[in-house]
Amino acid sequence: MELQINNETHEVDVEADMPLLWVLRDIMNLKGTKFGCGISQCGACTVHIDGEPVRSCSFPVAAAAGKAITTIEGLSADASHPVQQAWVKHQVPQCGYCQSGQIMTAVSLLAKKPQPSDADINAAMTNLCRCGTYKRIRDAIHDVAGNNPENTLAYEA
Amino acid sequence: MKNSTINSSRRRFILTSATVGGGFALGLHLPGKAQMAADGGSDINIWVQISPDDLVTIKYARCEMGQGSMTSAPQLVADELDANWEQVNIEYVDVNEHIRMDRAWGAMVTVGSQTIRNSQEYLRNAGASARAMLVAAAADTWGVDTAEINVSNGIISHAGSGRKSGFGAFAAAAAAQPVPQSVTLKDPADWHIIGQSFPRVDIPPSVDGSQVYGVDIELPGMVYASIRQCPVFGGTVRSFDASKARSRRGVIEVMSIDDNAVAVVADNWWRANKALQEIEIEWDSNGNGDVSSDDILATFKASLDAPEAALMPNNSGDADQALANAEQVLEAEYFTPFLSHSPMEPMGATVRINPDRIDIWASTQAPEGLVSEVVNALGVEQENVYAHRVQAGGGFGRRGGSSDYARSAALIAAQLPEGTPVKLLWTREEDTQHDFYRPLAMYRLKGGLDSNGNISGWKARIASGSILNQMRGVPLRDGVDFTAAEGFTRLPYRIPDQFQDFKLTPTHVPLGFWRTVGWSQTPFAREQFIDELAVAAGEDPYHFRLKHMAEDELSRHILEKVADAIGWDEAPAAGIYRGIATTEPYGSYTAAAVELSVNDAGAIKIHRVIQGINTGHMVNPDNVTAQLEGATVWAISAAMWGEITLQEGQVQESNFHNYRLLRMAEMPVIETVLEATGGFWGGVGEPGQAPILPAFCNAIYAATGTRVRSLPLKHHGFSLA
Chain A
3 MELQINNETH EVDVEADMPL LWVLRDIMNL KGTKFGCGIS QCGACTVHID GEPVRSCSFP
63 VAAAAGKAIT TIEGLSADAS HPVQQAWVKH QVPQCGYCQS GQIMTAVSLL AKKPQPSDAD
123 INAAMTNLCR CGTYKRIRDA IHDVAGNNPE NTLAYEA
Chain B
747 MKNSTINSSR RRFILTSATV GGGFALGLHL PGKAQMAADG GSDINIWVQI SPDDLVTIKY
807 ARCEMGQGSM TSAPQLVADE LDANWEQVNI EYVDVNEHIR MDRAWGAMVT VGSQTIRNSQ
867 EYLRNAGASA RAMLVAAAAD TWGVDTAEIN VSNGIISHAG SGRKSGFGAF AAAAAAQPVP
927 QSVTLKDPAD WHIIGQSFPR VDIPPSVDGS QVYGVDIELP GMVYASIRQC PVFGGTVRSF
987 DASKARSRRG VIEVMSIDDN AVAVVADNWW RANKALQEIE IEWDSNGNGD VSSDDILATF
1047 KASLDAPEAA LMPNNSGDAD QALANAEQVL EAEYFTPFLS HSPMEPMGAT VRINPDRIDI
1107 WASTQAPEGL VSEVVNALGV EQENVYAHRV QAGGGFGRRG GSSDYARSAA LIAAQLPEGT
1167 PVKLLWTREE DTQHDFYRPL AMYRLKGGLD SNGNISGWKA RIASGSILNQ MRGVPLRDGV
1227 DFTAAEGFTR LPYRIPDQFQ DFKLTPTHVP LGFWRTVGWS QTPFAREQFI DELAVAAGED
1287 PYHFRLKHMA EDELSRHILE KVADAIGWDE APAAGIYRGI ATTEPYGSYT AAAVELSVND
1347 AGAIKIHRVI QGINTGHMVN PDNVTAQLEG ATVWAISAAM WGEITLQEGQ VQESNFHNYR
1407 LLRMAEMPVI ETVLEATGGF WGGVGEPGQA PILPAFCNAI YAATGTRVRS LPLKHHGFSL
1467 A
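Chain order of the listed sequences is A and B. Numbered by the numbering used here, the letters in the first sequence go through residues 3 to 159 in order. Numbered by the numbering used here, the letters in the second sequence go through residues 747 to 1467 in order.
Quick caveat, the hints were computed from the structure, so don't treat them as lab data. Every residue gets a Cβ at the ideal spot worked out from N, C-alpha and C, and that includes glycine. The reader is advised that the hints may include incorrect statements.
[Unchecked claim] Pair ranges (Cβ atoms, derived):
1. B:Arg1240 <-> A:Ile41: 49 to 55 Å
2. A:Pro62 <-> B:Asn1100: 36 to 42 Å
3. B:His1403 <-> A:Pro62: 18 to 24 Å
4. A:Ala65 <-> B:Thr1423: 57 to 63 Å
5. B:Lys1460 <-> A:Ala125: 18 to 24 Å
6. A:Ser82 <-> B:Lys990: 46 to 52 Å
7. B:Thr982 <-> A:Pro62: 34 to 40 Å
8. B:Pro1221 <-> A:Ala121: 54 to 60 Å
9. B:Asp1040 <-> A:Pro62: 40 to 46 Å
10. A:Ala125 <-> B:Pro798: 53 to 59 Å
11. A:Ala65 <-> B:Thr982: 39 to 45 Å
12. B:Ala1052 <-> A:Glu54: 55 to 61 Å
Please construct the entire structure, taking both the sequences and the accompanying hints into account.
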């Protein structure tokens, strides 16, 4: 079947029910997309399909055929995407393993809501991070959005 | 301390492993001799290499898994070297070279918040020694006295003659200088790299997918394996029918491993795993097939009631007499469950066996542990094993104590044609159900109060398994496991009459070092019981602690800072309640205060967490802040939902849907209090968690009157708003 991955067309010979994650990782050798749980719980495998965040560990490859698949490698050629830059500026990653998925989810959120509220961030950013980098993820998203710092989650007595 | 600012494109950090045999590295105490390494740089000593273009390569021996020491450890070297941090490049020490050179780079194992505090002296010495050799080389060339030479920010200069040079021009000559017999380390007041929040060098590759973790290794001709281990610890494979699995697309081999696991090898991991899930395996549980959590709890209860246990070394006075004379006596039992590590990157390893060498790639906290596992599994010489360095997708102790996954991968590779690289990857279910778990423990505490509201008499019985005894057969010291007892071996409170003992309580469940180890659980009991005593005395929990801490200045200092930060002595807004706790883990001093409210349905809203740490000396403050933030998330996940339970000898939790972790929407506001009072080097990665759990539970008590003495909180009707 034919797949559009990061603006390139690839012909792959795989089972229709193979999850997109494993086509990306083991067939296409795109290792930036991670396996974490296999049941759509953690979001480490998040990629975009036609701009929508999708958990590729549970997404059959056949359903992605003919659609635009974007992985972390396709976000920018040189880590210059504003979300990637904000992730470095705010020193977000610790181990980094979940961060491809976090970044892909954040990019999609910001595309839909350029100035997300904390509630928007809470609703969209459901990816797990075992290192606990959520505070910095939130800060980085607000920074990209150009949000007034007063909009960021603050102490509410 | 300057705040972190980042411009990754300007930096030239090249994260590569040293080429084996690419240049004989000189030991610090061996006579100096110029050696040109593969890229034309000169090894000034085993830690510092300088190339003609002034690039300073600093070696990093430990493992990076997000804790930040790949950046902070080289900061120690660079400071004494007076290097320009912008010209510093960091490179992993090669594991095979390390072993062949008699472990010249010291400890590689990355556990126990040890990297900075246990290697700071030799790392600073390495920087100072290299600096002295550069100065000697410049003095020779310029014909001036070494005392007249200044080194600053990567520039060697001589004021009298106006001469000036970067390091590169003197690198080869410096490497030929005799190694100084001794060097004088800087006064901390003169540090300019230590104490700065330089951006972490491993972050840029984590934002564009280029970071390579163990599971990302790809090699020509690679095959992929999935494994299923006996669900009951200690059980074995009786039989399995692989006929259907063998006929599936891509399947190359089906095999049993070590008599207790079945693995499928295929041309793609998904195909291997799919075939594996279809294999019906008959297991022998070998005697542990009936064990449930209830049985284990009964065993621990019996340990609390046992007439005798091993005495702790800090007992003093006569606790029984003091309790008999007390105005009030309180007694309480606390329980903390088994917990899994669940790093985001599941366990796995790639192994390739050739006649002359074995290569292994795996995320690890113990590179030499990988080598040992391969040596033990295959009966080869350690000099022929090459363990490659990669970033670990979280460690938290799982990848430090045991490298069981490396053994499995080696045994799979041994059943494949020579030279075939095989990548073993565990499912999340295997990861959750075959961990080395945080020990389950129970604590029975007894405390008396005199008529002045002072603690008079203290007894503690600790019942726990022993990680090292069970994992490696390490004998207990006088019957006490000091990692399980930490938190009770030295109280920060003045209690003249105290008695504490330890009852070893083994089960069939494998035990491991889980972030913060004993300190992840003992403060839950100790610091809540102190609160119970304060309440019984009718005193404020913070001031009750302070009045018992007159002799422990450092514990008092961080507690006061945290109390000030939350404004303890001014009442919180209506409906908001506070808890506080203090701990002294891993050579640091930590305290926390939590503000929360609880609605009628038991939904807890955490309004803010104040996390304070005094590390003595502090190398990279922003990284310390990050570790405290993460430790808070770690502790609250464990408090709310964390438990590993057993039925019929098997772990019941399997994946993140039933082993819950905190998510963004539940993330509280965190404020950190960083103290660097000097005089000692404390740990960073683990200490942050220790005070959070009791401060959180003390706040829940303040809000609800419910004293939570067993975890997780979900069993007490609480949820997180």
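* To do: Check each numbered hint from earlier against the structure, then list the numbers of those it violates in ascending order.
  => none
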